[in-house]
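Assemble the whole structure, with the sequences as input and the hints as a guide.
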Amino acid sequence: MREFRYERADDVDGAVALLAADPDGAFLGGGTNLVDLMKLGVATPDLLVDVRQLTSVEVTGLPDGGLRIGAAVPNADLAADRRVRERFPVLAQALLSGASGQLRNRATTGGNLLQRTRCGYFTDVTKPCNKRAPGSGCGALEGVHRNHAILGQTLDGPGACVATHPSDMAVALVALDAVVQVVGPDGERGIPIRELHRLPDDDPSRDTTLRHGELITAVDVPVLGFASRYRKARERASFAFALVSVAAALRVEDGVVADVRLALGGVAHAPWRATAAEAALRGQPATEEAFGAAADAELAAATPLRDNGFKVPLARNLVVRSLLDLVEVAR
Amino acid sequence: MTTIDRLVGAGVDRIDGPAKVRGTAAYAYEQDPGEPIAHLAVVQSTVNRGRITRLDPSRAEAMTGVLAVLTPANAPRLAGDLASDLPVLQSPEVHYQGQVVAAVVAETSEIAKAAVGGVVVEYAAEVPDVVLSADRDDLYAPEKVMAGFDTDSVIGDVDGALAAAAVTVDATYETPAQHNNPIEMHASMARWDGDSLTLWDANQGPHTIVSDLVKGFALEPGQVRVISPYVGGAFGSKAFTHPNQMLAAMAARVVGRTVVFELTRQQMFSLVGHRTPTIQRIRLGADPEGRLTAISHEVVEHTSKISEFAEQTATATRVLYAAANRRTTHRLARLDVPPPTIMRAPGETPGMFALESAMDELAVALGIDPVELRIRNEPAEDPERHVPWSSRHLVECLRTGAERFGWAGRDPRPRMRTEGRWLVGTGVAAATYPTRRRKADCRISVDGRGRYVVEIDGSDIGTGAWTTLSQIAADALGVGLDAVELRIGDSRLPRAGGAGGSTGLASWGSAVVLTARDLRRRLEEQYGGQLPADGLVVDGGVGGESPHAKTHSMHAFGAHFVEVRVDRDTGEVRVPRATSVYDGGTIVNAKTARSQFLGGFSMGISMALHEESQIDARLGHYVNHDLAEYHIATNADIGELDISWLDEPDELANEIGLKGIGEIGITGAAAAVANAYWHATGLRIRDLPITPGKYFRELGLT
Ligand SMILES: Cc1cc2nc3c(=O)[nH]c(=O)nc-3n(C[C@H](O)[C@H](O)[C@H](O)COP(=O)(O)OP(=O)(O)OC[C@H]3O[C@@H](n4cnc5c(N)ncnc54)[C@H](O)[C@@H]3O)c2cc1C
Ligand code: SF4
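One line per chain: the protein sequences are A and B, in this order.
Mapping of the first sequence onto our numbering: residues 1 to 331, in sequence order.
Mapping of the second sequence onto our numbering: residues 332 to 1033, in sequence order.
No lab work stands behind these hints: they were computed from the structure.
Please note that a few of the clues may not be correct.
[As the list claims (entries may be wrong)] Reference listing, derived: stretches of chain B covered by chain A, where coverage requires no fewer than 3 residues with Cβ under 8 angstroms from a Cβ of chain A:
#1 392 to 406
#2 433 to 445
#3 965 to 974
Note that the Cβ used here is the ideal one computed from N, Cα and C, for glycine as well.
Encoded structure:
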């Protein structure tokens, strides 16, 4: 672990200024991901700016019925919030399916969004990894990759990367069209969450479109108004990352799909909004057959690796099952 | 002396419990040597095979707070013929990935770990050879397998009997490499006073560690003291000396003060052993009534280039069922992997996954209930040694278990029961583990007021030995628990074998009983039954195996019944309930015994569904080397476990009539889960662990 300075700023602008002046600095949330990566030598900041006291720990109502989630709200508190449980069960369920009680108490909303991949080559500084050490190669591509991506990977070249984004919460927020509020050296902006996480393209070292020094201050979740749920498949019942997860919301009118939101976790470098499936479903009868066809439409683009082909039928089943369950809930 | 009720058998609370709960029981890392402690961190090889071509410690040496950097060039020379990976830093040759190639000693553990990054190492490396397969042309037969068993056993004409059999099963089963992960990582704290070494250490038997230190540092046994009163789990990984003890002692000598070395969780995956992966072909032949005519069990497994650890995988097959024609074989590949070692019930654990899965497949092929099939093949005597059993109650375990579990009326057809989206099935498997005893010395002293001190170098690695051995001593001395002070976990105490092979209580307990008897006899004969005013000290012990071990076959037995649920959409598996019944001889403490059975059984379920050290075939390392990625079952995976035992002391086994219960619980457990999984889904998964991915593979969807 590299030696580092630890600072607390008086306000958001002060924190942003501290980081803007230090290209090797990082914000510190609950530290449950960043500190682990520092111990492993994967993250080597020379400055930590603790932002837990700077951003809000409150969930507040927005005029349209949506919610504003302060960046420092602990995952546990967010999952327990009555409004979240009632209006956005998909979000509460996603949070509760992640990590453990202890971690959720500590982890923050901002930190959760920006947690890094669990790829075993990324977390081992003695191994090749284009994300950690650009140009060193992708260890996972031909290595151990049972839990890696099946969609949107970069399969060759110096940008090769087949990692997944590990957050459950982010998958739900992507389905909910959340907007991430940030303050940076150039001022404030709101980033639609689908534009926050990126695919590896030719630069897997960048997980997101955030610029250095940009601080997440809040996440806005617009009103949804229909049933939603989160379903996560994993290799043990608790305390395991998703093999595949599905965040789904469905509104059915007269047996026909009036509105649908679908996002997949565990399948790509970013939470995967299943736009092809959504398009295939709108206006279709809410039947198992239509749900299967929609899942197939999405997964047609899948390029599974040697050992993770199972994720394709698993994702299909989870999409179909989640939508059928939502039809059931609506009845 | 007052007569009291027998303590053996009672569910006495752990006598070390309060100290552990309060955090006052000092583990190796927490000892206070009375001076500032220096910390050690290691630089590990990033290649599997080759040699170091350049090693530059200068940047690390220059860091403030660094006391020394030990390398193969400057480390003290170790003497003697140390085995395996114990000659640490003695040569630039690299034999496995993760091998220690340099060690930093510093004022704090943070500085030591930071300085590791300052040591530059370059290698001339060869391509790693780490993949086990049954058709490698370099497989060889070891001279013996672990615990002194014969490598092969051949009786009768197996191939002829298989060819003539009415029904046969021929299947290959695979288990992956697995890593022991006790909560307490290995830790060693070393301090030299002149030429005398004190080591506070996490191990399964201080005397075992002493002998390697004596060898390596060319000392007299009296110059080394290993102290290990509390150990936070081990499962076999702390049975033998590993590089950590050698390094701590070496570094303390170099820097002239106490040095502590605690492994990181990641280092647990390279420095302290693992369970070999196995590939096992089983062939069974039976007549139409299900009587076995032939059993063949051929095992392929690995060992490292620098040590031979030949897991005794097929040995349970030599005792479990009757059959006139039998064959078991073990073949090894020497790979560029760290030295494998003991992991709970080495041999039986992987071996019985294969045998007991095959028995289930045979039951299906015959259309005979799998409980009944096992009962029909119950051998009247040891089927290979042809000696009687000291005691064997497998059939009672099966019958009692079937009753408690509600096995009767089970529809044998697969995929018949569902609950919502869950496919539900049930399965059974037998358990067995050898009963042995080792030599152990013991000293008991009593003062004029009737306070007894019982001294023996036994170990409590979390099993409850502090308590159970005290109970045995109190009964043997005819006094209450509070009149007995037990001393264990220190090589200054009378010599005894370690906590391993489920021999601990059989050996230490016998030694205590025999010594206590001797003491009481002397009190009677020499002092007329009165305590002499200045007390009495008696040295005694037990010589080794039971006198009946040559003429009898001694084993613990058990039966597992498991219900499994498989999510038809995802292939996720849960074990909502299970029943295990054990024939473990005398049960010394109902509470700690239950914990051993429950823990062993849970570890078997964990093996069935989760545990797998995933190796990178090209880069040669275990990739999932932490507890986030190396999955061990959580509470949420397993529901109600119904644990019980038959109360049948084995009078021939040892002075207490116990059979040793630390390992029996894990044996057969994985097969019971896999058999239930087949019953739930109709899918026979023969390579562990049974993951969601394999569900889709078996459905032909990948
Ligand atoms: C064993 C284990 C199991 C886990 N299982 C799961 C799981 O199943 N599902 C799941 O979703 N997660 C899981 N997690 C991950 C956990 O959810 C994350 O570690 C946690 O959410 C990160 O939050 P944090 O506040 O601790 O972030 P930190 O570690 O403090 O920070 C993470 C990153 O975010 C940056 N950051 C923090 N706050 C801000 C901010 N306000 N603005 C800008 N940047 C910021 C930091 O600089 C850092 O780069 C697991 C973690 C562990 C250790
Ligand atoms: S998948 Fe991505 S993170 Fe993993 S090794 Fe390849 S480049 Fe690195």
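Hint-by-hint comparison with the structure:
With 0 residues having a Cβ less than 8 angstroms from any Cβ of chain A, the region 392 to 406 of chain B misses the three-residue criterion, and the hint is violated. Closer than 8 angstroms: that is the beta-carbon criterion, and the region 433 to 445 of chain B has 3 residues meeting it against chain A, so the requirement of 3 holds. Residues of the region 965 to 974 of chain B lying with their CB closer than 8 angstroms to a CB of chain A number 4, which satisfies the three-residue condition for coverage.
The structure fails hint 1 only (numbered hints given earlier).
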